[in-house]
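Generate the whole structure from the sequences, applying the supplied hints.
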Amino acid sequence: MDYSILVVEDDEKILDLIEIYLKNEDYIIKRATSSEQALKYIKEKEFDLAILDIMLPGENGYYICAKIRESYNYPIIMLTAKDDESSKIKGLTFGADDYVTKPFLPGELVARVKAQLRRYNNYNLKTKEGTGNILTYQNVDLNIKSREVLVDGQEIDLTPIEFIILKSLLEKKSEVLESEDLFYKIYPDEYYIKNNTVSVHIRHIREKLGEKNNIITTVWGVGYKIG
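Last residue of the sequence shown: 227 in full-length UniProt numbering, with the numbers rising by one and none dropped.
Hint data in this document are derived by calculation from the structure and do not stem from the laboratory.
It should be emphasised that the depicted structure is a prediction, and the values quoted were computed from it without experimental measurement.
Hints are supplied without guarantee of correctness; some may be wrong.
Said to hold, decoys possible - Straight line, CA to CA, 20 angstroms or less: simulated SDA-like cross-link-like pairs of lysine to any residue:
hint	residue 1	residue 2
1	K43	R69
2	K30	V110
3	K225	N143
4	K45	R69
5	K67	S4
6	K145	P160
7	K208	T93
8	K172	V140
9	K13	K67
10	K82	I14
See the structure below:
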């Protein structure tokens with residue numbers, strides 16, 4: 001499959017390097033050096049993945065990330081020059097799936113791109129056999145095979161990571177899942193900062209379920225459970 005990747009980076013040298021390594025993996029690359037250019041491309045087509053630098057002329061990478069999330073669920077990897085937890089958590093808050101800190105090894109970026117595409121591709125695989133297994137709690141229904149989540153019969157859009165978390169919790173109703181266990185379900189191959197990462201995704205899920213559907217309970221110092 002020919003994956004199309006949007007790369008937004010105002011440093012031409014870094015952009016050239018990223019393009020070379022990703023093209024070596026047969027990815028189709030669309031380059032953007034400003035937020036204005038990136039937003040134009042986002043309106044024109046749906047990509048399979050986006051790599052966004054945070055510091056850009058015009059609007060920053062966080063803004064572009066949020067604009068993508070208004071319409072699409074494809075993976076987003078943020079590039080940041082700041083190796084601090086707050087910057088990375090901010091990226092997750094705006095809807096990013098992963099981050100890479102500058103300076104980075106090109107091989108690491110390629111590996112993260114492959115991991116995100118693999119995860120997203122697995123998420124989008126749907127079987128044509130029947131309706132699949134459905135997990136239900138109160139007015140929330142999650143269809144494992146079709147990857148649909150319904151609240152009061154209305155479908156809500158979850159990212160692949162959010163779907164995995166909600167599915168994991170619904171499969172273990174009333175059992176407490178530790179934050180670290182949830183972390184490794186969504187980032188099995190990552191040496192990622194764990195603090196707050198899961199809580200950011202949990203917050204997004206709660207917001208999408210709505211205030212009256214507060215089915216996820218925080219067990220302080222341990223993790224989360226349904227009910």
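CA of K208 to CA of T93, is that 20 angstroms or under? Judged against 20 angstroms, a Cα distance of about 13 angstroms means the pair holds.
Take the C-alpha atoms of K13 and K67, compute the straight-line distance between them, and say whether it is at most 20 angstroms. violated (26 angstroms)
Just to be careful, I want the Cα atoms of K225 and N143 compared with a cutoff of 20 angstroms; is the pair within it? Judged against 20 angstroms, a Cα distance of about 19 angstroms means the pair holds.
Take a quick look at whether K82 and I14 sit within 20 angstroms of each other, Cα to Cα. Within the cut-off at roughly 16 angstroms; holds.
Assess, step by step, whether the Cα of K172 is no farther than 20 angstroms from the Cα of V140, and give holds or violated. Between K172 and V140 the Cα gap is close to 15 angstroms, so the pair holds against 20 angstroms.
Please work out if K43 and R69 have their alpha carbons no farther apart than 20 angstroms. holds (12 angstroms)
Has the given pair, K30 with V110, been kept, meaning a C-alpha gap of at most 20 angstroms? With Cα atoms ~16 angstroms apart, K30 and V110 stay inside 20 angstroms; holds.
Below or equal to 20 angstroms on CA atoms is what counts here, so check K45 against R69. Holds - the C-alpha atoms of R69 and K45 are around 14 angstroms apart, at most 20 angstroms.
Are the Cα positions of K67 and S4 separated by 20 angstroms at most? holds (18 angstroms)
Within 20 angstroms, alpha carbon to alpha carbon, are K145 and P160? The given pair, whose Cα atoms are some 13 angstroms apart, holds under the 20 angstroms limit.
Hint 9 alone, counting from the list given before, is not met by this structure.
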